[in-house]
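Our numbering puts the sequence shown at residues 19 to 169.
Watch out, some of these pointers could steer you wrong.
Quick list of in silico lysine to aspartate or glutamate cross-link-like pairs, EDC-like style, CA-CA up to 20 Å [to be verified]: (1) Lys161 - Glu149; (2) Lys115 - Asp58; (3) Lys161 - Glu128; (4) Lys140 - Glu125; (5) Lys161 - Glu141; (6) Lys48 - Glu67; (7) Lys161 - Asp151; (8) Lys127 - Glu79; (9) Lys127 - Glu158; (10) Lys140 - Glu118; (11) Lys115 - Glu79; (12) Lys140 - Asp151; (13) Lys140 - Glu153; (14) Lys115 - Glu149; (15) Lys115 - Glu67; (16) Lys140 - Glu158; (17) Lys115 - Glu128; (18) Lys161 - Glu119; (19) Lys127 - Glu167; (20) Lys127 - Glu141; (21) Lys115 - Asp151; (22) Lys140 - Glu128; (23) Lys115 - Glu130; (24) Lys127 - Asp117; (25) Lys115 - Glu125; (26) Lys115 - Asp157.
FYI, nobody ran anything at the bench for these hints, they're computed from the structure.
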Amino acid sequence: MTTIDPSYYLKNQATVKETSSSLGKDEFLKILMTQLQNQDPLNPMEDKEFISQMATFSSLEQMMQMTESINLLVNNQLISPVIQYSHLIGQQVTYYKIDEETGQIAEPKELETSIVQSVTHKEGYAVLQLENDAEIYTDEVQKIEQPSEKE
Numbered sequence: 019m020t021t022i023d024p025s026y027y028l029k030n031q032a033t034v035k036e037t038s039s040s041l042g043k044d045e046f047l048k049i050l051m052t053q054l055q056n057q058d059p060l061n062p063m064e065d066k067e068f069i070s071q072m073a074t075f076s077s078l079e080q081m082m083q084m085t086e087s088i089n090l091l092v093n094n095q096l097i098s099p100v101i102q103y104s105h106l107i108g109q110q111v112t113y114y115k116i117d118e119e120t121g122q123i124a125e126p127k128e129l130e131t132s133i134v135q136s137v138t139h140k141e142g143y144a145v146l147q148l149e150n151d152a153e154i155y156t157d158e159v160q161k162i163e164q165p166s167e168k169e
């Protein structure tokens, strides 16, 4: 008969409990429910106090949702523009021709089409390197499509 090593018993396992100094909505509700259950029946909590605590709870929940939204926004901003626009490689893009002297859209406005060969990063913005040797910022793209089959 084999024996089980006592170090595998649950009672011998170290328990790690993370403590937090912030009060979450679950803890807030537990405290509120405990308070309601244990209040003095001869001197119940006043409506004003209850409404005040519910308003506090509502504010807490809204702040937690706002924090999550801000964290998501910050994480999205941390994604490299090169990675963010890498799906455009091999795609055909249409854009307005840029006047090389002024850096503005050439007059008369002419659309050009080319295939994206690579994506680079310049001053925090994604720059598309095109098959026709043009370089354009992603916000200059007017249309994205699959490259047409050459016949």
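### Task
Find the hints from earlier in the document that the structure breaks and name them by number, from lowest to highest.
Numbers 2, 4, 5, 8, 11, 15, 18, 19, 20, 22, in rising order.
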